[in-house]
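Following the hints, put chains B, C, D, E and F with the ligands in place on chain A, whose structure we already have.
Protein chains in written order, with my numbering: chain A, 1 to 101; chain B, 1001 to 1101; chain C, 2001 to 2101; chain D, 3001 to 3372; chain E, 4001 to 4372; chain F, 5001 to 5372.
Among the hints, a few may not be true.
Claimed, not checked - Not the full set, but computed from the structure, chain C residues with beta-carbon under 8 Å of chain F:
# : residue
1 : D2082
2 : F2083
3 : I2085
What the hints assert, rightly or not - Keeping only pairs whose Cα atoms sit at most 27 Å apart, straight-line, the calculated DSS-like set for lysine-lysine is:
#  : chain 1 : residue 1 : chain 2 : residue 2
4  : C       : K2019     : B       : K1099
5  : A       : K58       : B       : K1058
6  : E       : K4167     : E       : K4324
7  : F       : K5167     : D       : K3208
8  : A       : K2        : B       : K1058
9  : E       : K4167     : C       : K2019
10 : A       : K7        : A       : K67
11 : D       : K3208     : D       : K3262
Worth flagging that the hints you see were computed from the coordinates, not collected in a lab.
The C-beta atom is built at its ideal place from N, Cα and C for all residues, glycine as well.
Now for the letters of each chain:
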Amino acid sequence: MKLFDVKLLTVTCEILAQKAILEILSKHGITGYTSYEVEGNGSKGIRGHGFKNEKNIKIEIVSTEEKLKDVAEEIARYLFSDFAIILYFSDVQVIRSEKFI
Amino acid sequence: MKLFDVKLLTVTCEILAQKAILEILSKHGITGYTSYEVEGNGSKGIRGHGFKNEKNIKIEIVSTEEKLKDVAEEIARYLFSDFAIILYFSDVQVIRSEKFI
Amino acid sequence: MKLFDVKLLTVTCEILAQKAILEILSKHGITGYTSYEVEGNGSKGIRGHGFKNEKNIKIEIVSTEEKLKDVAEEIARYLFSDFAIILYFSDVQVIRSEKFI
Amino acid sequence: MEVKSNLLIQMDILGLIQANILTPVVLFFLLGLVAARIKSDLKMPDAISEFLPIYLLAAIGLHGGLEMRNTGFDSMLIPMLTAIGLSLVFTLNHYQILRRLGKFNIFDSYALASTYGAVGAVTFSVGLSFLKNQDVASEGYLTAVLAVLEPVSFILAIFLTNLAVSKQIKSKKKSLSSDLGNNEKILGMVDQSKTNLSGVLRESITGKAIIVLLGSIIIGYAIGDKGFESISIVFDGLFTGAIAIFLLEMGIIAGQRLDDIKKVGVFLVIFSILIPTFNGIIGVFVATALGLSLGGAVMFGLLMASASFIAAPAVLRHAIPQAKPSLYITSALGVTFPYNIIILLPIMFSVSSIVHNVDGSINLFNYFGIDL
Amino acid sequence: MEVKSNLLIQMDILGLIQANILTPVVLFFLLGLVAARIKSDLKMPDAISEFLPIYLLAAIGLHGGLEMRNTGFDSMLIPMLTAIGLSLVFTLNHYQILRRLGKFNIFDSYALASTYGAVGAVTFSVGLSFLKNQDVASEGYLTAVLAVLEPVSFILAIFLTNLAVSKQIKSKKKSLSSDLGNNEKILGMVDQSKTNLSGVLRESITGKAIIVLLGSIIIGYAIGDKGFESISIVFDGLFTGAIAIFLLEMGIIAGQRLDDIKKVGVFLVIFSILIPTFNGIIGVFVATALGLSLGGAVMFGLLMASASFIAAPAVLRHAIPQAKPSLYITSALGVTFPYNIIILLPIMFSVSSIVHNVDGSINLFNYFGIDL
Amino acid sequence: MEVKSNLLIQMDILGLIQANILTPVVLFFLLGLVAARIKSDLKMPDAISEFLPIYLLAAIGLHGGLEMRNTGFDSMLIPMLTAIGLSLVFTLNHYQILRRLGKFNIFDSYALASTYGAVGAVTFSVGLSFLKNQDVASEGYLTAVLAVLEPVSFILAIFLTNLAVSKQIKSKKKSLSSDLGNNEKILGMVDQSKTNLSGVLRESITGKAIIVLLGSIIIGYAIGDKGFESISIVFDGLFTGAIAIFLLEMGIIAGQRLDDIKKVGVFLVIFSILIPTFNGIIGVFVATALGLSLGGAVMFGLLMASASFIAAPAVLRHAIPQAKPSLYITSALGVTFPYNIIILLPIMFSVSSIVHNVDGSINLFNYFGIDL
Ligand SMILES: Nc1ncnc2c1ncn2[C@@H]1O[C@H](COP(=O)(O)O)[C@@H](O)[C@H]1O
Ligand SMILES: Nc1ncnc2c1ncn2[C@@H]1O[C@H](COP(=O)(O)O)[C@@H](O)[C@H]1O
Ligand SMILES: Nc1ncnc2c1ncn2[C@@H]1O[C@H](COP(=O)(O)O)[C@@H](O)[C@H]1O
Ligand code: NA
Ligand code: NA
Ligand code: NA
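Bound-form chain A, shown alone (with noise of 0.2 Å):
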């Protein structure tokens, strides 16, 4: 079995940033991804308590490092100003390489 070296991307933000994150996401042509609300703590304090939309959401995208590059550049761009916001990158190797391009 051959494996692919490709990337993930996370990123961990409050729920009303999660639309603008799918939109930058559908802009660049990427139409996968894993979605899941998580609680969480931050410079922004303390979320996850109360109402439904002060929740945080974590968004995982497996691509290409190139596509993963733009979509963070954007996100840093238009959104860490506004939102509870954290991204990051790992490795990770999949099978059907085809499927994350």
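Leaving out everything else, chains B, C, D, E and F with the ligands in the frame of chain A:
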């Protein structure tokens, strides 16, 4: 503190494939895993809206590269064609390597 | 866009150990983390079925290797014996390294 | 005279449909539909939409059990066997239609055939609340028939699918025996298919729907009206309101699925309307012939007419993973369910009223004699 | 004589406030508050706190629709337009106060102004249950006013914010036109701001609150009292109990927010009490002048007095992301909401009783003439 | 005569047990048990199983508060102190039995001792609904006793465990003082143990169970019957039905745990049946001697008999993490709870009827005189 290199296999799939995956795990003698429900989008369309059993599940297994490759191969062989599913490997370091054999 | 290497520490444990772990984090001056409930199986049996407080929680912390190793060491020392718990490190790259010190 | 009475009946049906649309249950369904179509962010929390079916099943089970205790169930055997028989015949009939006329592949054909051969507990709940609204009673044992009917057509469909798959594999094996890896995979599939049947049987019978339904029937039977009193506000008083809330959710899901209807195709949409009508009306006649009451015949017809959209996806995805879920979920939930509860239910009620000779002027036999 | 009657009124108000505190709804709110303050682990499951607002909106919508069917709504237009007009005027007024006296920045000022110009459906529910307790009816069409009022002041605030942002950007553009990247970003922001307004309008109108509210009004109107019967236990019988449970949750959240009050500042706390009082009392007078009943005037006043703390965060975080949510959530939920339901509601009820001349001795005009 | 009356009593108890099994509450528990045993996929959504205990506590709190308002609570002090005293004595007694006869280690012994010394709010709810079924009232202040009793035996057990740990550590420290790292760890543990007690006390008292219970008692007391009216459908009408639904969930969890019973061992299973019986019957006698009513004595006995299976895991896992949760959860939920609600409750009811001399033929003293 000494750290040991092992692998983390992450499988994201529709909830209906969960049982089959857990069976494959136990067939390979793996008892440790972590799982949680997620939403997502992929080649099989948006998931996680509507009926419960249309949600996705993410299963994470920390173990040796060898074992996890066997697991991934079996998943690829029997489940890739019929279910919405992706999987990827990443490198992680643990303290108690004996827990993940 | 420049990326900086930092570490991600993932702790999966029974929900009752959560408080102790968050205390250890804050003792080491770490305020940022993400957490969410998960189910799982390990040496301490299947979790996440039945009573709420039998669930697992996953806590993820992005920070410097140094700090996270200290944290992991303290968790290993005080909590490994009494609680269902695993932890692992992985390499991640971030944009704003100053956020994760 | 003839023409006039026919006209009256027609008006009656239209009036009933209109009256039926103006019930909270149907209107909340439509509200959900509209909300989904205009892309509102309205949604039910998962926990509520998981809990409500359990509650509804418990409520109809208790209700059925209480009725059976009060009115007996000696007369249950023949209707139940008839229902099972009809269900099997209908499933085979659906398959032929779908495979031959609809040109669907084996897997989709069997999946769809059994979806429409199976029964829908939510539809059944709406039927009960419809009858309650009309102040018409129905035989309690029909709830037991609902429970027994649940797995029947799935089991048939899965058995036949396995048979078909085995044949296919055998012929394939003969033709190509070189590629070892593939062969191994095929053998794996045969094994899987074989375990499926018993697995599916097991899962169907221990499935939450049947457990709750059968359990509640027994509980209802055991406690009787006096024992039921203390829980009657929850399981009787809240019943229709809970259905209304659940149908809001069903409406939302159906609305989200409506876009898929294009993918489903005209043939299947027509199928999703004609087949329930056919099965349902037959059901009403058969039930009447078997001696069921006006309301009982409607519920029997509804059992035949209803398609399964909660159990089906769960069972079929495991059992016939090769079939496309978008087909059977969309047609059952997006087309048949609204059609059944809005239009077919009043139609069947009218038919049942006529064949039960409610207004005293037409009875079953001269109705057959004169009108058909 | 004068003095005595004034005294009596005062005692009446105090008595009413006290009686109001001793209702389950208020007491459960306080229980939640206490639980949060002593850091209890008491919390409602998310699913329940998401479901209850949907339920409450459906219940008040149905109730409003039924009332409108029974009593007509020809007389609705003028109160509705008046409410919209007042809401807009109030929003502008809040902005001036916040910006000039409070020295808040543009973004926070508009966000706060619209939070207090908007309406609170939860507050409205509590008002209805308060009136139910007093056995006083109110005009059903006020529910429709609630629905229409929801987006009004948000839209105004967002429109004005966009205007302000555009101006700022234009002037910035003139001064610095060198940094290309930054310029691009600014242009992006202008674009974003421009799309925001239509987006927000769309989202407000398809937002779950309005959909459920309007939908239920229509359903209530369509089904009438007879159709409502079957679901009345759920949507009427459970109403006050459900509010009590929801207010337990609101109390917990408010309690968790109380620490933030320090950050909010004295000015905003005073604002959060005086503005609702002012708006609310004006509302009662205006409504009375328009001919609304005793209860109707109280509900109208409550619409004016209430601040939005469920819709506001969702809408404003998208529309004015530069504003600090801690300001508007904390003041609306932590200060204004408890003040409104505990103290202002009985005050407005007393005022409305007086201007409606309930005890027969004072009427609107001689009250104005003598006491003001 | 004697023999006959004994026989009658025995038949009475058997009849009562049988009648008790045929109540919805018990039957839904059994349904859950069966569903779990046959590995059905039936499960309650988490949100529902988290919400129901809050609801049940609020309902019994309100009920208790209302009763206390109506009948006073001057007479509460002595029963409450007696309950606390008995609870402490029982806890110490359990410890001796478990440590000496059962050969459990210190940690498990204390954990189990306090689990059975503590009280179970769910059991209490079932008791109330049992009495409601029998149309027998009980003293409202017992709800307050329930609230006060909650933390008592945990605190004792944790205090004694800490004492034992400290002693152990001291002796260990003396023997080995070479291994520095380990020593550090031991010192850490001592510190941890020391903070535990105050932490546990704090957590117990601010724990959601006590907050909701005490809060609702006060609310019930404050609002009185008139104020309760508007929420009585939710907190009274739905009560038994909600218990039935919750017991379905409890049955499922208990069923999933039944496999662990083998690990628990015969000794603990017998302990889990005999101890509640002993404690419960003593409770009934003591309560009767203190002048409590027939129903009050049953509820008092139930407080003594019940084991804690919701609070215990949460408190003990923090406070005595060295103890095995499978022991105390399995025995309390899997053995004692069903035994208590199915068998012991009717037994205690019969005993209380006899000692309260209900049928007029036997009174407490000649009963003691002749039969014991
Ligand atoms: N160091 C960190 N490690 C893991 N997650 C973090 C960290 N910092 C922030 N987060 C997550 O990102 C969200 C937004 O962070 P912030 O913008 O710093 O408030 C937080 O609510 C956390 O869920
Ligand atoms: N590129 C991706 N990155 C992250 N998650 C993905 C990606 N593609 C698919 N997924 C997840 O895997 C599930 C199944 O994918 P698919 O088989 O492509 O429908 C989706 O519903 C997503 O949750
Ligand atoms: N090999 C593994 N891979 C992923 N998660 C694991 C693994 N082993 C244990 N876990 C998780 O860690 C929790 C505690 O593990 P344990 O202490 O082994 O019971 C389990 O309930 C799982 O959620
Ligand atoms: Na059918
Ligand atoms: Na307002
Ligand atoms: Na006890």
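The hints, checked one at a time:
no. : hint               : in the structure
1   : D2082              : 4 Å, holds
2   : F2083              : 7 Å, holds
3   : I2085              : 12 Å, violated
4   : K2019/C to K1099/B : 24 Å, holds
5   : K58/A to K1058/B   : 13 Å, holds
6   : K4167/E to K4324/E : 21 Å, holds
7   : K5167/F to K3208/D : 52 Å, violated
8   : K2/A to K1058/B    : 22 Å, holds
9   : K4167/E to K2019/C : 49 Å, violated
10  : K7/A to K67/A      : 10 Å, holds
11  : K3208/D to K3262/D : 33 Å, violated
Going down the numbered hints, you'll see the structure goes against 3, 7, 9, 11, while the others check out.
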